[in-house]
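Undergrad: Model the full assembly from the supplied sequences, consistent with the hints where possible.
Chains A and B are the protein sequences, given in the same order. The opening position of the first sequence corresponds to residue 1 in the working numbering, with each subsequent residue numbered one higher. The opening position of the second sequence corresponds to residue 1001 in the working numbering, with each subsequent residue numbered one higher.
The hints are simulated quantities; they were obtained by calculation from the structure and are not laboratory data. Be a bit skeptical, because a hint or two may be false.
Unchecked claim - Subject to a maximum C-alpha distance of 35 Å in a straight line, what follows is the list of computed DSBU-like cross-link-like pairs (lysine-lysine): (1) 1478/B - 6/A; (2) 1153/B - 112/A; (3) 1466/B - 1438/B; (4) 1174/B - 1438/B; (5) 16/A - 1517/B; (6) 1153/B - 94/A; (7) 111/A - 1478/B.
To be verified - Output of the computed footprint for chain A on chain B, the stretches with three or more beta carbons under 8 Å from beta carbons of chain A: (8) 1042-1050; (9) 1147-1159; (10) 1346-1355.
The beta-carbon is built from N, C-alpha and C at its ideal position, and this holds for glycine as well.
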Amino acid sequence: MQVTLKIFRYNPEADKKFHYVTYTLEAEETDRILDLLEYVKGYHDGTLSFRRSCAHGVCGSDAMRINGRNMLACKVLVRDVGTTITVEPLLGLKVAKDLIVDMEPFFDNYKKVLPYFINDSPLPADGRERLQSPEQRARFDDTTKCILCAACTTSCPSYWASDDYLGPAALVAAHRFIYDSRDEAAAERMHIISETNGLARCHTIFNCTMACPRDIQITKAIGELKMTSLTGKLD
Amino acid sequence: MANVHQFEVVVVGAGGAGLMAGLYASRGAKTAVISKLYPTRSHTGAAQGGISAALGNYEEDKPEWHTYDTVKGSDYLGDQDAIEFMTNEAIDAVLELEHMGLPFDRTPEGKISQRPFGGHTNNETGKPVRRAAHAADRTGHMILQTLYQQCLKNKVNFFDEYQVLDFLITEGGKTAGVVAVELATGELHTFHAKAVIIATGGHGRIFEVTSNAYAYTGDGAAVLLRHGLPLEDMEFFQFHPTGIYKLGILITEGVRGEGGVLINGNGERFMPKYAPSVKDLASRDVVSRAIYTEIRAGHGVNGKNYVYLDVRPEAVNQYAATDGRTNPDGSPYTITGEQVLAKLPDIIDFCRVYLGVDPLTQLMPIQPTAHYTMGGIPTNKYGEVVIDSKNTPFPGLYAAGECACVSVHGANRLGTNSLLDLVVFGKHAGLKAAEYAKQAEYHNLPVDAEAGARSQFEALRNGSGKENAFTISTEMKKVMFEEVGIYRTGTIMESALDKILELKERFRHIHVTDTGKIFNTELLNAWELGNMLDVAELVTVCALNRTESRGGHSREDYPERDDHNWLKHTLAWKENGKVRIDYKPVVITKYQPKARVY
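TA: And the structure:
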């Protein structure tokens, strides 16, 4: 089948402003959008730039807007979006070139929530694992799935309005540790995300949940954090 | 030279091995980790099923059994001292990950959960043993995230999206650093270092159907090869039995660990014919060959080159009953759809997204997929790069993870030993490099350190343009997959080698059209293609040279293992445009080679 692929183009070394270029390609309905981008780069215009690595939805490199919605280009097929396809960079982060955005502000926010395991108590005397019941492990399972692709944060109107908002991905990272029964820094993290640039900026719009390619229930996770911030309780 | 940085230790690559090396090196020396990707994009994150250690959390297990299984899995080409070292460190390595916060799945008592995997056995009964510690089917993701998080906690210095192009050596043959290009600006940067750790991953992208990331282009191996260093056992590449048909996306062996079975086009379960004892949980090379043998006999699905993997709960329960499989408490093994979904969520998701198939009610079409680089940069068990048949170390140079060849995997890697490899040897490479750096001096940089990197880029920009890089890449992948793949023969590989040499010549005539500096991904992809062509040539020459069948290397014209002539490692150099080959002995301690039956 024939598809029409309209791609956002911007080369800061040559262009004063962005524009769109439309390519017409032969494709199969099972082709990934990433396959189409590779084909355009290989045979139509080598300068087309985008990030990609694993090509099956687990590394988080190729989040972009496809027909207006944030998706991973490697995890959406032609049959999912139809034959008229528009591809644009994520919103809310500065475009560096074509479909590549500056990810630094995104990772900076992630780093603010102490996104690492903290437990300064002595290890079990036998040197073995810290015990955790399957139920305790299940409590934070959903938020361990995050691949930091930024699809959620850059779909959030509150983030568009103000990029000093930590954004959904950073809150997901906080959630992953706050509800881990082995971790000891929940209070510290709750303090950080309860500042004005944190939880209070979430207005329960659900864009993040819709955008997440890992199907993380992000709005629910943020809701749990809000509840903890109100009650002081972790369960 | 505007951009010169000085670090005692520089780690190239930020997957599991690079992060572990960075974490440990930075405790003893000023360290930087340089990666062409953001660290969390690294391919370690795609590993699914588990990391092996004889924790014995469900049933009896021992490091000795893990050692023997690994030796047998390697088809006796693995170095037994290194394997023993790794399996003895395995328990502490996995516990250390847990102590770093890694969210493993849990047993009812709250311990780390484990599952069966191909080739993991109780050596006394021959029955499968639960040795693979797991976090659903995203164990690699959890390892990558946890190690990156710990690096942030410990303030490791990162240079994200910097592609290392060249390795700097003094005239006296000592490590002086690396040169990298910063992708966001196109600027070259020189990293002056006492010690360099290469952790750049494998080269599965030389094959058409692969589970590997685009980033897996053999960069570290190719850079060292160009500097006259050898690579080891490059003929050995693992084809994983179960990739998604056509796409090659990995379907973890954990599916079979949970009871899934392989079914041919006639609806028959065929693995009992090939591996009567462990059946669908035989070693990967054995299962991949069995699938191809079925396909060649006309038993593919609809006459095509794929078969089915069946994890529908009612089928699993039926086969488990036939096999007499039991739970640790002795009760019959059964599984429900909900449990399959909980244990293998990503696999279910991949099948639904890419195939429109629901594995809970339908069969998954699969074919073997190029998966893992057993060969690579020769090292000893401390991660020191060694450069000849006497294992002479190269001062200040280290390698770890998939790019390295210790060799613990020999001719065929056991599932879950890759994650173990990168944690154990990443750690030791980091420790050794820091120890070396503390007593070493900075050696003078070459007068024009960036010259090598610059000239490589210039060549790619100045070609005539009569050839297209994408076409060359496509042709290389096709010939490597079809002619230097699961089954190999001399005459076919000779024509494959001619083709690769032709492609290398044509590669000189590509022309990078993007003249910009900012994120010039066309230039980088072209540079990576050059690496892949160099590696593909070496793989083919080494595969032609080894006239026996062993592990992942199956010669139809030499179908038997030949211990008399070939119980040895290959070393290959590129000298004056030709490949030179030498050998080194396999280290055998406890286990004399014997026939390999599953």
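Undergrad: So if I understand the rule, the pair passes when the alpha-carbon distance is 35 Å or less; does residue 1153/B with residue 94/A pass?
TA: Answer holds: residue 1153/B to residue 94/A is near 27 Å, not above 35 Å.
Undergrad: Against chain A, does the stretch 1042-1050 of chain B show at least 3 residues with beta-carbon separation below 8 Å?
TA: The restraint on the stretch 1042-1050 of chain B holds, since 4 of its residues have a Cβ under 8 Å from chain A and three suffice.
Undergrad: Is it true that the CA of residue 1466/B sits at most 35 Å from the CA of residue 1438/B?
TA: 51 Å, violated
Undergrad: What's the verdict on residue 1153/B and residue 112/A, does the C-alpha distance respect the 35 Å limit or exceed it?
TA: 11 Å, holds
Undergrad: Taking 8 Å as the Cβ threshold, is the statement that the stretch 1346-1355 of chain B is covered by chain A upheld or broken by the three-residue rule?
TA: holds (count 5)
Undergrad: Between residue 1478/B and residue 6/A, does the CA-CA distance stay at or below 35 Å?
TA: Satisfied, since the Cα-Cα distance of roughly 30 Å is no more than 35 Å.
Undergrad: Is residue 1174/B within 35 Å of residue 1438/B, Cα to Cα?
TA: 15 Å, holds
Undergrad: Count residues of the stretch 1147-1159 of chain B with a Cβ under 8 Å from any Cβ of chain A, then say if the count reaches three.
TA: This one holds; 4 residues, not fewer than the three required, reach chain A with a Cβ under 8 Å.
Undergrad: Regarding the pair residue 111/A and residue 1478/B, is the alpha-carbon distance no greater than 35 Å?
TA: 42 Å, violated
Undergrad: Please work out if residue 16/A and residue 1517/B have their alpha carbons no farther apart than 35 Å.
TA: Holds: residue 16/A and residue 1517/B sit about 16 Å apart, inside 35 Å.
In summary, the structure is inconsistent with hints 3, 7 from the numbered list given earlier, while agreeing with the others.
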